[in-house]
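Since the structure of chain C is provided, determine the placement of chain X on it from the hints.
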Amino acid sequence: MDGIHDMGGMDGFGKVEVEQNEPPFHEKWEGRVMAMARAMGYAGAWQIDHARYAQERIRPDIYLDASYYQKWALAMETNVVERGLAGADELKAGHALHPGKPLPRKFMPEMAANLTRGSFYRQQQAPARFKVGDRVRTKNMHPATHTRLPRYARDKAGVIERNNGCQMFPDSVASNLGDNPQWLYTVVFDGRDLWGPDSDPTLKVSIEAFEPYLVPE
Amino acid sequence: MAHDHDDHSELTDTQLRVRALETVLTEKGYIDPAALDAIVEAYETRIGPRNGAAVVAKAWSDPAFKQALLADASKAVATLGHVSRVGDHLVAVENTPKTHNMIVCTLCSCYPWEVLGLPPIWYKSAPYRSRAVKDPRGVLADFGVTLPQDTEIRVWDSTAETRFLVLPMRPAGTEGWSEERLAELVTRDSMIGTGLPKRP
Chain C
1 MDGIHDMGGM DGFGKVEVEQ NEPPFHEKWE GRVMAMARAM GYAGAWQIDH
51 ARYAQERIRP DIYLDASYYQ KWALAMETNV VERGLAGADE LKAGHALHPG
101 KPLPRKFMPE MAANLTRGSF YRQQQAPARF KVGDRVRTKN MHPATHTRLP
151 RYARDKAGVI ERNNGCQMFP DSVASNLGDN PQWLYTVVFD GRDLWGPDSD
201 PTLKVSIEAF EPYLVPE
Chain X
1001 MAHDHDDHSE LTDTQLRVRA LETVLTEKGY IDPAALDAIV EAYETRIGPR
1051 NGAAVVAKAW SDPAFKQALL ADASKAVATL GHVSRVGDHL VAVENTPKTH
1101 NMIVCTLCSC YPWEVLGLPP IWYKSAPYRS RAVKDPRGVL ADFGVTLPQD
1151 TEIRVWDSTA ETRFLVLPMR PAGTEGWSEE RLAELVTRDS MIGTGLPKRP
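From first to last, the protein sequence lines stand for chains C and X. Take 1 as the starting number for the first sequence in the working numbering and just add one per residue. Take 1001 as the starting number for the second sequence in the working numbering and just add one per residue.
If you're looking for bench data, these hints aren't it; they were derived computationally from the structure. Misleading hints may appear alongside valid ones.
Keeping only pairs whose Cα atoms sit at most 25 Å apart, straight-line, the calculated BS3-like set for lysine-lysine is [to be verified]:
| no. | chain 1 | residue 1 | chain 2 | residue 2 |
| --- | --- | --- | --- | --- |
| 1 | X | Lys1028 | C | Lys101 |
| 2 | X | Lys1028 | C | Lys28 |
| 3 | C | Lys92 | C | Lys28 |
| 4 | X | Lys1198 | C | Lys15 |
With the rest of the complex left out, here is chain C:
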């Protein structure tokens, strides 16, 4: 979706402000939110692109105003309710009012000793259409649902630099259409092809692009 989250290339947000000696969390509740998201993800409550899509649907004025972990909390509330894991009435009451739904797994305390990032590789459904060095063009597409092709890199010519294997396809996952595995490539663009002739001539930008985002150039 063409949402506020898709920030690449926007002007007007000002300088990058760095906080010296920043702690992992500024408030205790931030740690609870991060850990809940991690535990619910492990439990199989939703996949990471459901979490992203729920954040993307936060109204733009609220998105810009909310802190990072506030957005996570809002997205988690959305997913909990949409996926039937709890009712809005329960979140409002602050207590469970109905029995839960069975989930595939549960994150147990001792598992924190060995946190492992899951694999996103999936069995290929077809041979890769592109090879390293191929010139490609990203599609001009504006789905109303979740996609990982940023606006600034749509309808742009680039070069395949790397094949990152066949992986679950976020656009399908977030729309509850299954993993729909697709080849993932690193596609590199010249800065001037993205930003015009006045762009920094030394700039190259790459995105990670799934095969359905690309056509031969």
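Same frame as chain C, now just chain X:
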């Protein structure tokens, strides 16, 4: 979250909502609060940029490891036995006198947690996400970093599950240093590409 409150009660409102969420999810049997404690503790104490610094220092000291890291970072880093195993999708990108690499996630906040810990606020902020792909030299200036005008700037937008770690250039004057000593020079920002390693 709630916009009809002032700043002080907004925080309280957030705390209440988060508490409600945790209570409901716990009572439903989905999560264990003790597991949340353990996850928070892991990120507060064990999973941070020191892990990445150890990877960089090893690559600076051990040419075979550096080659393995650049060929397959997931595999190479897995051999180091960190607390938070790195999974399948880590890529290390090497800074050279010709090319400077910088990592961003314009769409959300993708970041190599396993080697760098949780991302700093600036990395997740609108100024960084909006400008890194368009004006990286301007962003570097915000960090006090100026690169030669002919250095190619390569920005990697983390739009999928690939995670990137910048391998900065080893500072001059560190010949014969141990990995432990070298690791002290490796800053978090130098592994994101918004900074350079400390000078000896």
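Hints, one by one, checked against the model:
Restraint check for X/Lys1028 and C/Lys101: satisfied, since their Cα atoms lie roughly 8 Å apart, inside the 25 Å limit. Distance restraint check for X/Lys1028 and C/Lys28: the Cα-Cα separation of roughly 22 Å lies within the 25 Å cut-off, and the hinted pair is therefore satisfied. As the CA atoms of C/Lys92 and C/Lys28 are separated by approximately 21 Å, the hinted pair is consistent with the 25 Å bound. Distance restraint check for X/Lys1198 and C/Lys15: the Cα-Cα separation of roughly 23 Å lies within the 25 Å cut-off, and the hinted pair is therefore satisfied.
Of the numbered hints stated above, none is contradicted by the structure.
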